[in-house]
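**Student:** Protein chains in written order, with this note's numbering: chain A, 1 to 399; chain B, 1 to 294.
Read the hints as simulated data drawn from the structure, not as lab findings. Hints should not be assumed to be uniformly reliable.
Said to hold, decoys possible - Computed footprint of chain A on chain B; a stretch qualifies when at least three of its residues, placed anywhere within it, have a C-beta under 8 Å from a C-beta of chain A:
(1) 64-72
(2) 137-145
(3) 206-217
What the hints assert, rightly or not - Ranges between beta-carbon positions, derived for each pair:
(4) A:GLN273 to B:GLY110: 23 to 29 Å
(5) B:GLY117 to A:SER111: 31 to 37 Å
(6) A:THR177 to B:ASP130: 39 to 45 Å
(7) A:SER202 to B:GLY110: 57 to 63 Å
Note that the Cβ used here is the ideal one computed from N, Cα and C, for glycine as well.
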Amino acid sequence: MFTMIRRLTLLTLSLAALALLAGCPAKVTPVTPTPPQGVASGEPIKIGAILSVTGAAGAPLGTPEKNTALMVQDLINQAGGIQNRPVQVIVEDDQSDNTQAATAAKKLIESDKVCAVIGPSLSGTTLAVVDTFEKAEIPLISLAASVKITQPVKKWIFSTAQPDTIAVTRLYSYMKTQGLRKLGVIYDSNAFGKSGLEALQSQASSAGMEIVASESFESKDTDMTTQLTKLKGAQPEAIVCWGTNPGPAIVAKNVKTLQIKVPVFMSHGVSNQKFIELSGPAADGIIFPSGRILVASLLPETDQQKLVLLEYTKFYEEKYRQLPDHFGGHAWDAMRMLQQVMNVSGDEPAAIREGLETKIKDFVGISGIFSLSPTDHNGLTQDAFVMVTVKQGQWALAE
Amino acid sequence: MEWSALVQYVLTGITQGAIYALLAVGFNLVYSATGIINFAQGEFVMLGGMLAVTCYSFLHLPLWLSAILPIGVVMLVGAGIHQLAIRPLRHAHLVTLIMATVGLSVALRGLAKVLWGADSYPLPAFSNVDPVALAGASVDPQSLWVMGVAAVTGTALTLFFRYSLTGRAMTACAARPLAACLAGIRVERMNMWAFALAGGVGAIAGAVLAPIALPSFDVGTSLALKGFCAAILGGIGNNAGALLGGLLVGLLESLGAGYISSGYKDAIAFLVLLIVLVLRPQGLLNVTMRRDES
């Protein structure tokens with residue numbers, strides 16, 4: 001009997017682990033591209049898109065990205081296409097899975113013969129296809145944020161997402177203006193949180209910051225009071241929480257319960273309406289670096305990006321009846337960059353790559369103002385972020 | 001600071017422990033009646049939480065009704081699972097049945113993802129009052145709800161098994177299915193009740209936990225693992241053990257995170273589980289529980 005229980009325990013633990021790994025099956029959704037409208041004629045220019053339209057990790061990113069890519073395709077075609085040729089975006093769903101992303105890359109390169117590809121949506125899926133594109137010599141504009149994608153620079157790989165590192169730079173320079181120097185860090189133990197911690201640690205000394213304590217939590221944890229009590233004990237001047245929903249919302253609530261009075265900063269991982277919804281009143285006063293799309297209407301008229309942000313918002317809302325987000329913005333930037341380059345250089349992959357490196361200067365996009373160069377394939381600076389806070393359940397600019 | 005930190009760790013540990021205890025009681029219910037470890041128990045909790053959120057935020061029912069209604073629904077789900085998936089396999093090996101519950105768990109999670117997407121959802125706290133201060137530490141009022149509900153549920157189930165006819169019949173099925181059957185107890189029906197009750201207990205845990213945990217389709221998996229851990233630690237099938245096991249796992253986690261490292265808090269809890277299993281394979285409170293293994 002007892003050995004039975006022991007065996008059952010081992011068996012069931014391993015089964016549970018299996019069940020965790022198995023995840024949810026995702027369905028295959030081949031996307032028929034909208035037929036080009038407008039005056040463009042001739043052989044279509046084929047642009048590939050590898051996006052996580054399904055799959056738990058990527059669906060919230062891949063869905064707005066797909067919507068945006070197809071929307072920009074239509075906008076380009078209505079305006080006469082590129083060099084009088086219609087654009088055709090071929091969307092492949094990688095189901096948030098590295099192997100599927102690799103398969104999609106091969107299909108787009110070998111059978112669809114696309115001239116450039118946007119995506120994948122996630123850092124993991126992007127890194128899984130980087131070599132394929134380097135070998136095939138097809139330009140890839142990733143929509144994912146890991147610094148590993150563009151550093152060190154790879155000849156054919158670009159990215160339109162703001163990397164964590166510049167979010168940290170922006171956060172630190174804001175904290176400095178507030179005279180805050182000693183910080184306690186609490187981070188999600190997933191890839192996003194860990195890479196945030198690395199960036200916070202590596203930039204601390206040069207920014208004159210000191211991390212007095214750092215604590216982690218699991219993505220599915222339901223209570224972070226222990227970690228926060230520990231941080232409180234280290235007497236930081238500010239607390240920084242790096243994670244994606246729902247963890248930071250629980251941290252925000254626990255901070256209120258523990259009556260921690262120091263200011264709480266978070267990452268761009270909470271730059272979405274869901275965070276306010278989950279945290280309720282506990283969100284008030286939390287400050288974080290965010291891309292501008294979240295606060296587009298609040299920006300001063302002098303903001304260079306305001307025009308394009310409002311344009312994107314208008315088109316997206318009209319077409320999909322919901323507000324656009326950062327992820328869709330990455331797709332907008334990638335598509336518009338390709339359009340600008342191909343209008344001049346045509347659809348030869350080598351010419352597109354060359355054009356991206358040399359012609360994208362002060363490009364006003366959704367995620368920031370891009371200046372690409374042979375040594376910088378992302379081209380964003382800390383100005384891509386604004387500091388945002390929550391006041392009575394509404395977004396507000398922190399400065 | 002030092003003392004108040006300790007008090008805070010202990011309070012957090014007890015709150016988490018109460019949740020694990022509720023999970024463990026759910027495992028016990030099904031195990032005592034059928035010998036099965038029901039790995040869909042975490043999904044019962046998830047369903048309880050998600051249904052409570054749905055009733056409150058989408059159907060705009062009052063909060064108390066939103067917390068109670070899912071109990072009935074998830075009991076039906078539990079009974080349905082037994083009738084559709086477990087009962088047809090009643091002649092299969094125990095391991096097959098456990099595999100079936102793992103399958104059910106994945107299926108329920110998939111279904112929930114289709115219904116609710118991958119997002120988390122909020123539910124307001126049951127009592128809208130300020131945190132309670134205690135010896136330099138503070139407790140969220142919802143944590144008190146969790147502890148109270150766990151205590152009441154545990155007591156009610158113990159009384160049910162000890163004094164009600166149905167409860168005693170279920171105990172009889174667990175001890176000697178054949179003898180129970182000869183005594184006129186409908187074993188299959190009792191097993192169905194066990195699944196239904198496990199569903200109900202899961203839903204209670206899910207609803208009371210929702211304001212704290214912000215449920216999503218996959219919130220049940222890690223809870224189930226911890227709850228299972230608590231059940232084994234206390235001695236599976238033993239409800240007092242479930243409570244003890246739950247509190248131990250919760251406290252170990254919290255104190256481990258507080259005094260050793262938050263990165264290893266799960267590892268610490270599971271390490272203790274392994275040590276206890278080696279030293280006391282029957283669990284902390286079980287002495288002589290045996291059942292037919294035919």
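**Student:** Work down the list of hints and note, for each, if the structure agrees.
**Tutor:** So, going through the hints one by one against the coordinates:
Coverage of the region 64-72 of chain B by chain A is violated in this model, with 0 residues showing a Cβ closer than 8 Å to a Cβ of that chain against a need of three. Figure legend: the region 137-145 of chain B, annotated as covered by chain A; annotation consistent (4 residues with Cβ-Cβ distances under 8 Å, at least 3 required). A count of 5 residues in the region 206-217 of chain B with a Cβ less than 8 Å from any Cβ of chain A is obtained; the coverage claim is therefore met, three being the minimum. Checking the proposed 23 to 29 Å range against GLN273 (chain A) and GLY110 (chain B) shows it holds: the Cβ atoms sit about 26 Å from each other.
The hint said 31 to 37 Å for the Cβ distance between GLY117 (chain B) and SER111 (chain A), and at roughly 33 Å that hint holds. The hinted range of 39 to 45 Å is not satisfied by THR177 (chain A) and ASP130 (chain B), whose Cβ atoms lie roughly 33 Å apart. Between SER202 (chain A) and GLY110 (chain B) the beta carbons are some 40 Å apart, a value that contradicts the proposed interval 57 to 63 Å.
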